[in-house]
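One point on numbering: in numbering that gives the first Met the number 0, the residue at position 32 of the sequence shown is 31, and numbering is uninterrupted.
All clues stand as given, with none of them false.
Calculated cross-link-like contacts (lysine to aspartate or glutamate; reagent style DMTMM-like; alpha-carbon spacing at most 20 Å):
1. K102 / E35
2. K75 / E326
3. K89 / E162
4. K72 / E174
5. K89 / D173
6. K66 / D179
7. K44 / D61
Since the hints were derived computationally from the structure, they do not count as laboratory data.
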Amino acid sequence: MIKKDFDIIIVGAGVSGLVLADEITKRTNKKVLLLEKEKKLRFEKNLCFWNHPYNILNKSADNKWKKVCVIIKGKKHSLNFSGIEYLRIKSKNLYNFFLSRLKKRKNFKIIMGVKIKSLKSNNNIVELNTENKIYNSQLLFDSRIDTNVEKSHRLLQHFYGVEITFKENIINKDEVILMDIQNKKNNFNFIYVLPFSQNKILVETTYFSKRTLSRSKYKQDIEMYMSKNYFGKQYKIRFCESGVIPMFKIIEKNMENCIKIGTAGNWVKQSTGYSLQNSFIYSKQIVDCIIKEKYPKIRKNNFLNFLDNTFCKFIENNPETALQFFERFFKRNSLPIIVKFLTNTANLFETLKIIISLPKISLIKSVFEIR
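Go ahead and model the full structure; you've got the sequences and the hints to work with.
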């Protein structure tokens, strides 16, 4: 019989890997090994989430906003509700938050700079072969994603953003622009603005389309936005971030006792790209199963997932009329219901209210186009 080195191995020290490692080591005595391919964690992202449902990062957020808005056809629509906040945490602070907790626990170990060569499962033991060593465990959670996602010719959310510092204090630091929808043919594009202070903002251009664009095209979008909204103002670009998120269900290639997590495990809400809250919800469900000595299984809302697929298919096939879709979504629903939908916590009544507010004939057509 093969001896296991650890009870559980987690591949990837991203958000899903860290949240899951924290939940397992906090609630059980299982020995957990976290393997990361990078030699050092890169601190290059801003992670945003709503304060509902509550999670342990709420108190550690770098910014909190009580006011959010969308801009459609040049008109601003404010989306404010008492008790609801939009939060932002730097990836550096998120990593440090979890690693400082994890490193205090005797049942946790992290190894950086690990290159995985192969993975196999045999007789309820998972064998992971790296360049330097072979590790065995009873369970393995894998956050690695197929690198061909960008070439899938399926709908993607792709974005590029820059952190801008102005010479003067000219920013309304109290309000986030969730979407400033741009009028473009054959593409759905919006600008997203996070105000960090009176002289510092993040400006991000985001597309929902099947193909990513050149870096120069994203930069051109931001230059045009800055020229239109901050003409003549002096500023410097301090930081940039970019990413690609699949807006379709990824086929999970799980083997025995090996489970995909994070983006690879469809933890990202397809229609929005939000994933942080799901990392907490799904990690708790996994550990509930481990404690009960059951095979880890996540309870996903099939109806909401079906609705997500329908929305994404509508946007994919109707990029020019997607503006009408989002206009109705934001104008005809209250912020509490919008947030519940964005975080996959809406009940049936709230979900039906959202459906009724949207272009129904186009959505029905999209149902029959889902594959």
